[in-house]
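Enquirer: Sequence:
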Amino acid sequence: MPPGFRYFELVDDRTGRYVFWEVAITGTVLELRHGPVGTPGKHERETCASESLAQHEYQLRVDAHLAEGYREVADRRLDARTRALEAAIEADLDDATSYMVYADWIETLGDARGSLINAQLAAETDPEAAPRAAAFLKQHEALFLGPLAEHVGYDGAVIEPTWRYGFIRKAKVTVREQFHPTPASVFHALLEHPSARWLDELVIATADNTSDIKALVDVLAWTARPSLRSLEIGEVGERADPARDDDPHYWRRESADLSRLWTAVRGLRRLVIKGDPERLGSLALPRLAHFEIHAQELSADDIDAIASAASPLERLELRFRWPLGPDLAESLRPIFDGPLIRGLDHLAVTGVHRTHLAGTDGVCAAIARIPRPALRTLDLSHGQMTDAGAELLAASRLDLEIVDVSKNQLSYRGVTALDRIAKLVINDH
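The opening residue of the sequence shown carries number 1 in the numbering used here; numbering runs sequentially from there.
Everything labelled a hint here was simulated from the structure, so no lab data went into it.
Do not take every clue at face value.
[What the hints assert, rightly or not] Below 30 Å or equal to it, Euclidean Cα-Cα: the simulated DSSO-like pairs (lysine-lysine) are:
no., residue 1, residue 2
1, Lys138, Lys172
2, Lys170, Lys42
3, Lys423, Lys214
4, Lys138, Lys42
5, Lys172, Lys214
6, Lys172, Lys42
7, Lys170, Lys138
8, Lys170, Lys214
With the sequences and hints as input, model every part of the structure.
Expert: Following this line, the structure appears as structure tokens:
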């Protein structure tokens, strides 16, 4: 008997069927794997009564698959050239040339994804090619989406995919109550699907005030996504409001623990969190340049986690949904007094929508004390800044391109004082 697995593929463009089957024999045991081309497939093990029966069954299975139209080929997952071309893509997910070379190669292996890559490459430079690329994707939906197909392409869909170069490069996953199968199982299927192997932008959202994303957080925490560069997640929870505890119409969304996520997404460059996490945890994200959080308030542990983030942050946005109080600057002291603040290009400490953040003058004083600030953009909108806070900023060493003080309590004098430190002052009442 041949050593190791023998690998067979069935490629049927007419029906859109692209599957593999492989078999190995060891003594009385048959090892079988099967599934869509490009996936790990399903593994099965069968034990026969004797070695001779196992060999007989082995040959029967091989003959049956050959008769069905399978052909024995080299397993592309083990092919050195395939792995090298995939490594080139992983080194630069936006390099069109790497995808072009990869597409030409896998087309020689009978993989229809090569044609999809080329069709979508053409559509990027030729608008007239876009309908052809969309039609090809629709024609081969069973291959490129499989069981995900029923969850995309309609209003209210759980998954909103954005394709580029033959793969799902961005996806929005929306949690909706009373959805079957569960959003978590659909999300897991997306992350495991070969079309999402180079997913680099992910948005996890909720459709209403009662939806809970904790299950999706757990799925992502257990699924390493080294290619993911941008993650937007929310609503992740809501802090308790004692004033509303007795309100029978008040429902508080339970908070999710995000601390286990970061080892699974260490390639992140942009992270946006909406809501109040149960725990933020250590932000050990060596490439993170943009961190943004929209929360009612931040716990002392969360503030310490941000201040000590082992990341080359260039952009930090703290957007609060509660007015908080005059001690805001003091609570944020670990951030303002730490080394992180000095390397920022963009800083936002704001209220959100109709929330006007108290303690903005104290924030101005803390920012004015930053030694050798690198800030080019400062957003202090939706606050309660007075002319006194503006004068503190105007007397600092800041040299800004833009400062946004919209929706504050500034007079004309305070606004004009900021002209001394910024080329553009935005003051939209």
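Enquirer: Determine for every hint whether it applies to the structure shown.
Expert: Verification of the supplied hints:
no.	hint	in the structure
1	Lys138 <-> Lys172	holds (20 Å)
2	Lys170 <-> Lys42	holds (27 Å)
3	Lys423 <-> Lys214	violated (44 Å)
4	Lys138 <-> Lys42	holds (26 Å)
5	Lys172 <-> Lys214	holds (16 Å)
6	Lys172 <-> Lys42	holds (27 Å)
7	Lys170 <-> Lys138	holds (18 Å)
8	Lys170 <-> Lys214	holds (21 Å)
Violated hints amount to a single one, hint 3; each of the other numbered hints is respected by the structure.
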